[in-house]
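Construct all of the structure, not just a fragment, from the sequences and the given hints.
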Amino acid sequence: MPEPLLRLEGVHTHIGQYHILQGVDLDVPAGGLTMLLGRNGAGKTTTLRSIMGLWNPSQGRVVFDGTEIGGMGTADIARLGLAYVPENMGLFGNLTVQENMVLAARKGPMDNARLDWIFELFPALKKFWRLPAGNLSGGQKQMLAIARAISEPRRLLLIDEPTKGLAPSIVEALIEAFLDLKRSETTILLVEQNFRMACAVGDSVAVMDDGQIVHTGAMSELAENEALQQRLLGLSLDTHQ
Amino acid sequence: MTDQTASQTETAAPRAPLSERFGKWVPYLLVPVFLILGYLLIGSGPTWATLTLAGLAMGMMIFVMASGLTLVFGLMDILNFGHGAFISIGAFVGATVLLSAGGWTGADSVLLNLGAVLPAMLAAMMVAGGLGYVFERVIVRPVYGAHLKQILVTMGGLIVAEELIRLIWGPDAIPLPRPEAFTGAWIFGMVAIEKYRVYSVILGLIIFLALLWVLGRTRTGLLIRAGVENGEMVEALGYRIRLIFILVFVAGSALAGLGGVMWGLYEQIITAQMGLDVLVLVFIVVIIGGLGSVHGCFIGALLVGLLANYTGYLMPKLALGSNILLMVAVLMWRPQGLLPINKQ
Chain A
1 MPEPLLRLEG
11 VHTHIGQYHI
21 LQGVDLDVPA
31 GGLTMLLGRN
41 GAGKTTTLRS
51 IMGLWNPSQG
61 RVVFDGTEIG
71 GMGTADIARL
81 GLAYVPENMG
91 LFGNLTVQEN
101 MVLAARKGPM
111 DNARLDWIFE
121 LFPALKKFWR
131 LPAGNLSGGQ
141 KQMLAIARAI
151 SEPRRLLLID
161 EPTKGLAPSI
171 VEALIEAFLD
181 LKRSETTILL
191 VEQNFRMACA
201 VGDSVAVMDD
211 GQIVHTGAMS
221 ELAENEALQQ
231 RLLGLSLDTH
241 Q
Chain B
1 MTDQTASQTE
11 TAAPRAPLSE
21 RFGKWVPYLL
31 VPVFLILGYL
41 LIGSGPTWAT
51 LTLAGLAMGM
61 MIFVMASGLT
71 LVFGLMDILN
81 FGHGAFISIG
91 AFVGATVLLS
101 AGGWTGADSV
111 LLNLGAVLPA
121 MLAAMMVAGG
131 LGYVFERVIV
141 RPVYGAHLKQ
151 ILVTMGGLIV
161 AEELIRLIWG
171 PDAIPLPRPE
181 AFTGAWIFGM
191 VAIEKYRVYS
201 VILGLIIFLA
211 LLWVLGRTRT
221 GLLIRAGVEN
231 GEMVEALGYR
241 IRLIFILVFV
251 AGSALAGLGG
261 VMWGLYEQII
271 TAQMGLDVLV
281 LVFIVVIIGG
291 LGSVHGCFIG
301 ALLVGLLANY
311 TGYLMPKLAL
321 GSNILLMVAV
331 LMWRPQGLLP
341 INKQ
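Read top to bottom, the protein sequences are chains A and B.
Sequential numbering of the first sequence, starting at 1, is according to my numbering.
Sequential numbering of the second sequence, starting at 1, is according to my numbering.
No wet-lab data here; the hints were simulated from the structure.
Among the hints, erroneous ones may be present.
[To be verified] Taking lysine-lysine and the BS3-like style, the derived pairs with C-alpha atoms no more than 30 Å apart in a straight line are:
# : chain 1 : residue 1 : chain 2 : residue 2
1 : A       : K182      : A       : K164
2 : A       : K164      : A       : K126
3 : B       : K317      : A       : K126
4 : B       : K24       : A       : K127
5 : A       : K182      : A       : K107
6 : B       : K317      : B       : K195
Keep in mind that this is a model prediction, so the values were computed, not measured.
This is the structure in structure tokens:
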């Protein structure tokens, strides 16, 4: 079995007095889209932030492509080819769409072919290129946040609840975009509450509860097994379609 | 993306409400409103012109001193009361250079005068910037994220700096005469335009435009603006925000040093505690403008300068408190300042 691109081994993270991650073991295979599901407060966001070094794990190992990144600075982790889209999108609202993209392309001017590909994925960004990002609608902001993450070829995208609060039509657009990203063989770890989206785009899945991974497997397997959904997530697919 | 969904996302016009779009420009109108109100209340054109120029010059000098502090506030969330030390030290270093070039400052030649003033300003900026670097590493860095400690430690740093100035330059105030080309006034009818004030306004404008250019047109400027909004995300994009912090701190300290020389030449006397004296005005400007906002800082500085001069003429007893009243009024209207930065 090939080594995963990202591996978490027994990761514990404390935030103040709270013990959030309590021994997370997670493998993210290269080239696929891994869903990270779980109830509110299960520790999904903390897992992503711990991987990015925004909160340092107090115990355990985070290994990216053979390199131990636990305890490294966030900028150094990002320079290894990881990109992070936080739940609040982390856009610079006073900067234009263009300026947000320029900053994200750290290695220099953006490649035109890549920019064209991004505009194909998210046409709204081209239209509002010179507008402050803070003026965009919720869906457009989310698209910009993802576009910023893919402004350069990345080895791993960490994306936290991109569909939160978005209209169904925008969710559809994002699903299309994720399917396109998958075709480009970008590895993605996606935190999501929208089960229908998870089923549409996910290859593999990890389910969290109380700061631990309680289930891993193929996404299709979880999508077809309502009893498992009920047990792990407390939902049935029917109610979320 | 499907055509349908693409068009849906494209047609959603991202326009802010009218009140929000108009409200954004209101602070920019305050300076002209102040000018008109000042003219109406003062009544005499020549007096108004003299006071206005004095107010603008004072505002520009405060802006030069405050612009670095507002970026330090916005980017690093640091309450740096030690900023006053860089103002004092800049003034003393500049004065040392100017006084040692006595023949040039007294000469009746603009070139020789500039030959003394420009090196004095450069020396002040370099020493203040260098000390800013040491100050950030030794005093500020250990107290990131702890506001109470920041106040105590940076205030302590200011006191130590003042005592060091007294140790090096002596306890007495030092007179700082302006170079020949900077003294006197141009007379236009009944209006006397003091030369030094005009030069101060020009230099302040140049620094304001240069800051706007750096912040708006360079990658470093983009990073600073982004860092003021969301430093964590800048880091997540692969930039080492600590280096940007240091750069801004050093640049802010250097500008404070330059402001110190300008203020010293304005007052024509320098003291070890001059930085602390001006610091109150500097903080008012930073708060009025909105933490981290260079535009807001510029407008706030002009308002403070104009108000101090107008009230000093119209109601001298109110002059001292007028800027505090201005700050209270602005914060009641806009609690985040005139042009706040939306931080995440």
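Checked against the structure, which of the hints given earlier come out wrong? Violated hint: only 3; rest satisfied.
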